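*Asks:* Just so it is clear: in the sequence shown, position 408 is 544 by this note's numbering, and no numbers are missing.
For the record, the hints were derived by calculation from the structure and aren't laboratory data. None of the values given here were measured: they were computed from a predicted structure. The reader is advised that the hints may include incorrect statements.
To be verified - Keeping only pairs whose Cα atoms sit at most 25 angstroms apart, straight-line, the calculated DMTMM-like set for lysine to aspartate or glutamate is:
1. K582 to E607
2. K255 to E268
3. K575 to E363
4. K588 to E610
5. K589 to D178
Stated by the list, open to error - Each pair of labels, with its calculated beta carbon distance range:
6. F170 to K604: 25 to 31 angstroms
7. V253 to G348: 36 to 42 angstroms
8. G469 to I147: 28 to 34 angstroms
9. F170 to V278: 50 to 56 angstroms
10. I520 to D458: 33 to 39 angstroms
11. P343 to A528: 31 to 37 angstroms
12. F170 to N466: 48 to 54 angstroms
13. E610 to V464: 55 to 61 angstroms
14. G321 to L519: 24 to 30 angstroms
15. E305 to S418: 47 to 53 angstroms
Glycine included, C-beta positions come from ideal geometry on N, C-alpha and C.
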Amino acid sequence: MEVFVNQLNGILWSTPVIYICLAIGLFFSVLTRFLQVRHIKDMVLLMFKGKSSAAGVSSFQALSIALSGRVGTGNIAGTATAIAMGGPGAVFWMWAIAFIGAGSAFVESTLAQIYKVKKDGLYRGGPAYYIEKGIGIKWFAVLFAISALLAMALLMPGIQSNSIALGMENAFGIDKTVTGLIIIGLLALIIFGGVKRIANVAQYAVPFMAVGYILVALIIIGMNIGELPGVISLIFSSAFGADSMFGGIIGSAIAWGVKRGIYSNEAGQGTGPHAAAAAEVSHPAKQGLVQAFSVYIDTLFVCSATAFMILFTGMFNTVGADGKTPIVENLPGVEAGPGFTQAAVESALPGFGAGFVAVSLFFFAFTTIMAYYYIAETNVAYLINGKNSKLAMFILKIVLLAATFYGAVKTAGLAWALGDVGLGLMVWLNLIAIVILRKPALIALKDYEAQKKQGLDPVFNSKKLGIKNAEYWEEEYKPQEEKVS
Numbered sequence: 137m138e139v140f141v142n143q144l145n146g147i148l149w150s151t152p153v154i155y156i157c158l159a160i161g162l163f164f165s166v167l168t169r170f171l172q173v174r175h176i177k178d179m180v181l182l183m184f185k186g187k188s189s190a191a192g193v194s195s196f197q198a199l200s201i202a203l204s205g206r207v208g209t210g211n212i213a214g215t216a217t218a219i220a221m222g223g224p225g226a227v228f229w230m231w232a233i234a235f236i237g238a239g240s241a242f243v244e245s246t247l248a249q250i251y252k253v254k255k256d257g258l259y260r261g262g263p264a265y266y267i268e269k270g271i272g273i274k275w276f277a278v279l280f281a282i283s284a285l286l287a288m289a290l291l292m293p294g295i296q297s298n299s300i301a302l303g304m305e306n307a308f309g310i311d312k313t314v315t316g317l318i319i320i321g322l323l324a325l326i327i328f329g330g331v332k333r334i335a336n337v338a339q340y341a342v343p344f345m346a347v348g349y350i351l352v353a354l355i356i357i358g359m360n361i362g363e364l365p366g367v368i369s370l371i372f373s374s375a376f377g378a379d380s381m382f383g384g385i386i387g388s389a390i391a392w393g394v395k396r397g398i399y400s401n402e403a404g405q406g407t408g409p410h411a412a413a414a415a416e417v418s419h420p421a422k423q424g425l426v427q428a429f430s431v432y433i434d435t436l437f438v439c440s441a442t443a444f445m446i447l448f449t450g451m452f453n454t455v456g457a458d459g460k461t462p463i464v465e466n467l468p469g470v471e472a473g474p475g476f477t478q479a480a481v482e483s484a485l486p487g488f489g490a491g492f493v494a495v496s497l498f499f500f501a502f503t504t505i506m507a508y509y510y511i512a513e514t515n516v517a518y519l520i521n522g523k524n525s526k527l528a529m530f531i532l533k534i535v536l537l538a539a540t541f542y543g544a545v546k547t548a549g550l551a552w553a554l555g556d557v558g559l560g561l562m563v564w565l566n567l568i569a570i571v572i573l574r575k576p577a578l579i580a581l582k583d584y585e586a587q588k589k590q591g592l593d594p595v596f597n598s599k600k601l602g603i604k605n606a607e608y609w610e611e612e613y614k615p616q617e618e619k620v621s
């Protein structure tokens with residue numbers, strides 16, 4: 137099983153694919169004239185604007201759902217794995233993919249808003265919806281929906297639950313089976329409560345966990361502030377092969393930095409658009425900008441916090457290009473993952489590290505599984521189109537809970553490999569779609585900027601802009617159009 141999964145990963149995550157991900161992010165950054173810099177003020181302000189409705193959630197709640205998916209195991213275990221396989225230079229490439237990936241995040245999330253629908257009283261949207269309505273290829277949309285369903289309900293929950301279980305076992309000696317049962321018990325209480333309950337939990341849990349984690353990282357950085365120039369220099373020199381120790385693994389640094397960066401911040405992956413579509417906003421570009429900023433929060437803040445804690449304390453191992461030969465072995469016998477971060481915090485704050493990271497992992501990973509359920513539910517809603525929806529959603533809940541428990545008790549290596557397969561399938565399909573569909577997103581951005589220049593609060597008129605099949609916006613603003621005419 138593991139051999140087959142690794143072979144499949146070799147195809148989905150081959151070197152050309154890594155560079156294609158970087159190239160597409162750069163492509164969108166150039167097309168949008170680096171909106172991730174130009175509109176950073178709007179990104180922050182828009183987070184707190186917009187209110188929830190009966191059909192949709194607020195911009196902040198949508199951001200929280202998206203961040204609950206983004207801020208997860210990838211921020212703790214994934215960052216540690218990147219350093220283990222690619223050295224300190226991998227951190228730079230995680231930053232790079234976050235910066236240029238914000239362009240991809242804007243495009244996919246804006247498209248999700250443009251082509252969202254109101255189904256069973258709720259806003260639904262995402263890649264399957266914009267592929268069908270924007271490109272007009274039904275089988276392509278169905279293929280994405282099936283891939284997303286497999287990834288979110290079957291392949292990826294195990295990564296999150298496995299990391300929680302490992303962290304709890306290392307810190308408190310709790311058996312993985314017990315942890316698995318606790319996780320699925322709590323998860324069931326939330327997902328059986330529907331989308332609104334997921335949004336309500338996310339909007340409180342996500343800020344709390346992220347701020348707490350970053351504060352501890354800042355304390356450790358402050359305790360070792362003299363090491364800051366050396367650590368920054370090590371990251372940059374290793375990223376470009378200039379460091380004598382890590383120079384031979386520059387390829388691994390790029391590959392693992394990009395792979396784990398995309399896994400963590402999800403830019404271009406096709407997951408963020410599902411939450412973006414649920415937001416109640418007057419213009420699609422508004423939520424596109426909010427979702428672009430979520431990439432910064434995830435990687436530039438939370439992943440960096442992990443990386444600095446590990447590098448400042450020297451609590452990591454790194455292997456050579458063959459994936460086996462040790463280059464650095466400061467933690468003999470410790471598997472790449474939460475163990476690095478636990479050792480880092482423990483070395484600076486004795487008696488605190490293992491427990492703190494275990495609890496952080498629980499919050500990070502648990503909220504991510506919540507987001508996975510929401511994404512899976514959205515794709516089930518697309519596939520069944522209202523037929524037998526209650527039964528289908530019930531089966532989905534049971535399958536996801538089973539996959540979550542299975543992942544908690546299996547080995548970390550297999551869990552990560554399965555997760556990489558799920559992520560790879562979604563990335564391939566979504567990147568093709570957003571490159572084809574870039575025009576409506578760019579039109580929306582231009583319209584948003586034009587209205588802002590006039591001092592207006594931007595309102596989206598799809599017909600006026602010549603964007604077809606944006607059925608929600610056509611209906612929503614029909615009274616306004618008639619009033620103007």
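*Asks:* For every hint, state whether the structure bears it out.
*Replies:* Consistency of the hints with the structure:
Distance restraint check for K582 and E607: the Cα-Cα separation of roughly 20 angstroms lies within the 25 angstroms cut-off, and the hinted pair is therefore satisfied. For the given pair, K255 sits about 16 angstroms from E268 by alpha-carbon distance, which is consistent with the 25 angstroms threshold. Using a Cα cut-off of 25 angstroms, the hinted pair K575 and E363 is violated, with the two alpha carbons roughly 46 angstroms apart. Restraint check for K588 and E610: the C-alpha separation of about 22 angstroms stays at or below 25 angstroms, so the hint holds.
Only pairs whose Cα atoms come within 25 angstroms are accepted, and K589 paired with D178 is accepted, the gap being roughly 13 angstroms. Under the hint 25 to 31 angstroms, the C-beta atoms of F170 and K604, about 29 angstroms apart, fit the expected range. Checked against the hint of 36 to 42 angstroms, the pair V253 and G348 passes, with Cβ atoms roughly 37 angstroms apart. In this structure the supplied range 28 to 34 angstroms holds for G469 paired with I147, their Cβ-Cβ distance being about 32 angstroms.
In this structure the hint that F170 and V278 lie 50 to 56 angstroms apart at CB is violated, the actual value being about 35 angstroms. Judged by the Cβ atoms, the range 33 to 39 angstroms given for I520 and D458 is violated: they are separated by roughly 47 angstroms. Between P343 and A528 the CB atoms are about 33 angstroms apart, so this pair conforms to the stated range of 31 to 37 angstroms. Checked against the hint of 48 to 54 angstroms, the pair F170 and N466 fails, with Cβ atoms roughly 38 angstroms apart.
At about 58 angstroms, the beta-carbon gap between E610 and V464 stays in the expected band of 55 to 61 angstroms. Checking the proposed 24 to 30 angstroms range against G321 and L519 shows it holds: the Cβ atoms sit about 28 angstroms from each other. Distance hint for E305 and S418: a CB-CB separation of about 48 angstroms, consistent with the stated range 47 to 53 angstroms.
When the structure is compared with the earlier hints, violations turn up for hints 3, 9, 10 and 12 and for no others.
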